[in-house]
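Work the whole structure out from these sequences, hints included.
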Amino acid sequence: MIIFYGGLIITMNDNQPFVDAVGIEGDKIVATGSLEEVKKKMGKDVKLIDLEGNSLLPGFIDCHIHPVTFMLFLINLDLSSVKSLKELQEVLKNTAKEKRKGEFIFGLSLKEEEFDVPVLPTRWDLDEACPENPLFMLRYDSHIGIANSKALDLFEFNFETKVPEGGEIKKDVEGELTGVITENALDLIYSKITKYLIPEPDVIQETADKAFKLLAKKGITSLHGIIQLGRSGEGGDLGLVETLIFKSVQEKILQSWYGLISTDNPKKLSKIKKPPLDGGSEDSKFKVGSLKLFLDGTFGAKTACMWEPFSDAPDMCGFCVVEEDNIYEKMKVAHNNRFQISIHVIGDKGNRICVDLYKRLLKEFPRDDHRHRIEHASMLTDDVIEDMNKYGIIASCQPPFINSEYKWLEKRLGKERCKYTYPMKSIIDAGVVLISGSDAPIEDPNPILGLHALVNRNGFIPEQCIPMEEAIKTYTLNAAYGAFEEKIKGSIEAGKLADFVILDQNPLEVLKDKIKDIQIVETIIRGKSVFKKNN
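For what it's worth, our numbering labels the leading residue of the sequence shown as 226, then goes sequentially.
Keep in mind that the hints are not guaranteed to be accurate.
[As the list claims (entries may be wrong)] Lysine to aspartate or glutamate pairs mimicking EDC-like chemistry, simulated, CA-CA at most 16 Å apart:
1. K712 <-> D508
2. K493 <-> E554
3. K322 <-> D352
4. K510 <-> E476
5. K311 <-> D352
6. K318 <-> E357
7. K555 <-> D489
8. K737 <-> E695
9. K387 <-> D412
10. K396 <-> E385
11. K557 <-> D489
12. K438 <-> D669
13. K420 <-> E357
14. K753 <-> E476
15. K557 <-> D581
16. K644 <-> E688
17. K636 <-> D540
18. K435 <-> E476
19. K588 <-> D612
20. K396 <-> D350
21. K650 <-> E688
22. K584 <-> D608
23. K632 <-> E338
24. K527 <-> D537
25. K326 <-> E357
26. K272 <-> E261
27. K615 <-> E635
28. K322 <-> E277
29. K588 <-> E554
30. K324 <-> D350
31. K636 <-> E338
32. K265 <-> E250
Hints in this document: simulated from the structure, not taken from any laboratory.
Structure (structure tokens):
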């Protein structure tokens with residue numbers, strides 16, 4: 226038995242917002258209150274741990290993360306820090322020198338919007354740097370990929386390649402393939418790329434160990450993890466092995482995992498809702514809870530479904546990547562089998578369509594406490610927010626997107642549309658439940674950076690900033706609610722799991738521009754310390 230004391234303890238429990246001490250036994254909280262009260266409740270045989278002035282909070286929950294993909298990102302070429310086309314070419318040249326001739330190279334997290342001259346590379350740019358190795362890279366949002374000529378040949382792309390609906394294979398004015406591939410057309414790559422990406426079993430184990438320890442280092446105690454079943458989805462053929470990888474590394478996973486399952490066949494949800502993917506009890510470490518669907522693309526790829534064209538691309542309004550009737554049929558199956566639904570939507574038109582689909586579903590098949598979600602919910606007009614509140618739809622947002630996009634969003638959307646882009650305060654004020662995640666590996670899965678974005682917003686539409694208390698709630702109690710887990714986690718109360726994060730500063734008093742400097746001192750999951758700074 227352990228008692229924590231000697232620092233600020235923020236409970237996220239409105240009935241008792243702060244306590245002097247918290248006592249745990251095994252994996253559960255058994256007492257909170259003054260130090261004397263907790264000592265009396267716990268008895269004599271306890272270990273006292275002095276927080277030494279640090280702050281203890283409920284553990285952070287990442288509400289949208291791709292854990293298996295995050296693992297694979299750790300062993301491939303990270304391009305997130307590249308700041309120019311010339312630098313990109315130098316990185317690719319150096320990488321190719323370390324590879325055998327003809328060996329496949331996979332690059333990730335390209336952020337061409339941050340180049341000194343923002344321009345999306347083409348296959349000819351890649352050929353110049355890497356002529357002898359097949360090379361394929363993904364933009365940071367994973368909705369645009371670029372292949373060099375060797376990779377186009379490897380994947381058998383040519384003028385006769387049939388373009389799937391909801392995707393593009395770009396050509397230049399002379400009809401030549403540029404190597405740029407978007408949205409559903411990426412499935413043609415993913416269907417052939419998996420064998421080049423999956424490492425040996427021992428490497429998978431080592432990478433899993435590294436990945437989940439890294440998440441613990443960032444204070445994450447639970448995650449809403451996306452798993453793809455089968456070929457159909459953003460990971461293509463990776464979906465054929467993603468569940469197998471997940472099962473093989475479960476002993477390495479430190480965090481609790483609430484599964485958002487991406488599948489074209491929602492009937493499979495009932496079949497897989499059993500061990501080892503679902504432990505079957507309220508406080509099981511692994512659960513299957515939600516159907517993950519897609520409706521549109523992204524801002525970066527200019528494929529988010531918009532009412533009006535993008536300001537810097539007047540011929541592009543984005544699009545829905547699926548037919549409305551198609552997605553509705555899947556929604557019905559999941560909903561009527563008592564599963565939650567989580568739909569990826571970015572654009573303003575896309576979000577209106579999504580909410581209308583939810584309204585149709587809930588009118589045709591009324592159901593209490595469904596907790597259906599919109600993943601990203603990036604552009605929400607007042608009418609959409611009002612309906613989200615009315616129908617109990619959760620806004621599952623990714624605050625780190627603001628950190629990555631604030632410099633170029635106005636160029637893409639224009640001033641007026643920016644006013645309702647990532648409208649966190651409007652969401653909360655309307656009574657809609659806001660939960661936060663990272664979409665890692667798209668963004669850094671660091672909740673501290675998410676808190677910075679929520680409270681500070683880097684100056685982007687500052688009237689949508691929210692107070693730190695509300696920001697923390699989106700990563701704790703609200704996040705637990707988003708997975709039907711508010712009775713077992715998300716706040717520091719007797720009977721709940723002993724999931725904590727200890728910070729080196731009081732987050733309620735830190736200056737706005739210093740939030741991102743807050744450090745994780747220790748992370749505790751189910752009563753066990755899984756990360757300790759300087760250990």
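Taking the hints in turn, this is what the structure says about them:
Between K712 and D508, the direct Cα distance comes to roughly 9 Å. Compliance with the 16 Å bound is thereby established for this hinted pair. For the proposed pair K493 and E554, the alpha carbon gap of about 14 Å is at most 16 Å, so the pair holds. Pair hint K322 plus D352 holds up; C-alpha atoms about 14 Å apart against a cutoff of 16 Å. The suggested pairing of K510 with E476 holds, with an alpha-carbon distance near 11 Å, which does not exceed 16 Å.
For the hint pairing K311 with D352, the CA-to-CA distance comes to about 13 Å; that is within 16 Å, so the pair holds. As the CA atoms of K318 and E357 are separated by approximately 10 Å, the hinted pair is consistent with the 16 Å bound. Of the supplied pair hints, the one linking K555 and D489 holds, its CA atoms being roughly 8 Å apart against a limit of 16 Å. Proposed proximity of K737 and E695 is supported: the alpha carbons are some 14 Å apart, at most 16 Å.
About 12 Å separates the Cα atoms of K387 and D412, which keeps this hinted pair within 16 Å; it holds. Simply put, K396 and E385 have alpha-carbon atoms about 12 Å apart, close enough for the 16 Å limit, and the pair holds. Note on K557 and D489: the hinted pairing holds, with a Cα-Cα distance of about 13 Å set against a maximum of 16 Å. Our distance criterion of 16 Å between C-alpha atoms is met by K438 and D669, whose separation comes to about 14 Å.
Of the pairs offered as hints, the one joining K420 and E357 is violated, with about 19 Å between alpha carbons and a cut-off of 16 Å exceeded. Note on K753 and E476: the hinted pairing holds, with a Cα-Cα distance of about 15 Å set against a maximum of 16 Å. Proximity of K557 to D581 is assessed by CA-CA distance (about 14 Å); at most 16 Å being required, the pair is judged to hold. Only pairs whose Cα atoms come within 16 Å are accepted, and K644 paired with E688 is accepted, the gap being roughly 9 Å.
Straight-line distance between C-alpha atoms of K636 and D540 comes to about 15 Å, which keeps the hinted pair within the 16 Å bound. Using a Cα cut-off of 16 Å, the hinted pair K435 and E476 holds, with the two alpha carbons roughly 13 Å apart. A C-alpha spacing of about 13 Å is found between K588 and D612, which places the hinted pair at or below 16 Å, so the restraint holds. For the hint pairing K396 with D350, the CA-to-CA distance comes to about 15 Å; that is within 16 Å, so the pair holds.
Distance hint between K650 and E688 is fulfilled; the C-alpha atoms sit about 8 Å from each other, no more than 16 Å. Proximity of K584 to D608 is assessed by CA-CA distance (about 13 Å); at most 16 Å being required, the pair is judged to hold. Note on K632 and E338: the hinted pairing holds, with a Cα-Cα distance of about 9 Å set against a maximum of 16 Å. Between the alpha carbons of K527 and D537 the distance comes to roughly 9 Å, so the proposed pair stays at or under 16 Å and holds.
A C-alpha spacing of about 6 Å is found between K326 and E357, which places the hinted pair at or below 16 Å, so the restraint holds. Between K272 and E261 the CA atoms are separated by roughly 14 Å; this keeps the pair inside 16 Å, and the hint holds. A hinted pair counts as satisfied when its Cα atoms are at most 16 Å apart, and K615 with E635 does not qualify at roughly 30 Å. For the suggested pair K322 and E277, the alpha carbons sit about 50 Å apart, so the restraint of at most 16 Å is broken.
Proximity of K588 to E554 is assessed by CA-CA distance (about 15 Å); at most 16 Å being required, the pair is judged to hold. For a cut-off of 16 Å, the pair hint linking K324 to D350 is broken: about 19 Å separates their Cα positions. Distance check on the hinted pair: K636 and E338 sit about 11 Å apart at the alpha-carbon level, within 16 Å; holds. This hinted pair checks out: K265 and E250 have alpha carbons roughly 14 Å apart, not beyond 16 Å.
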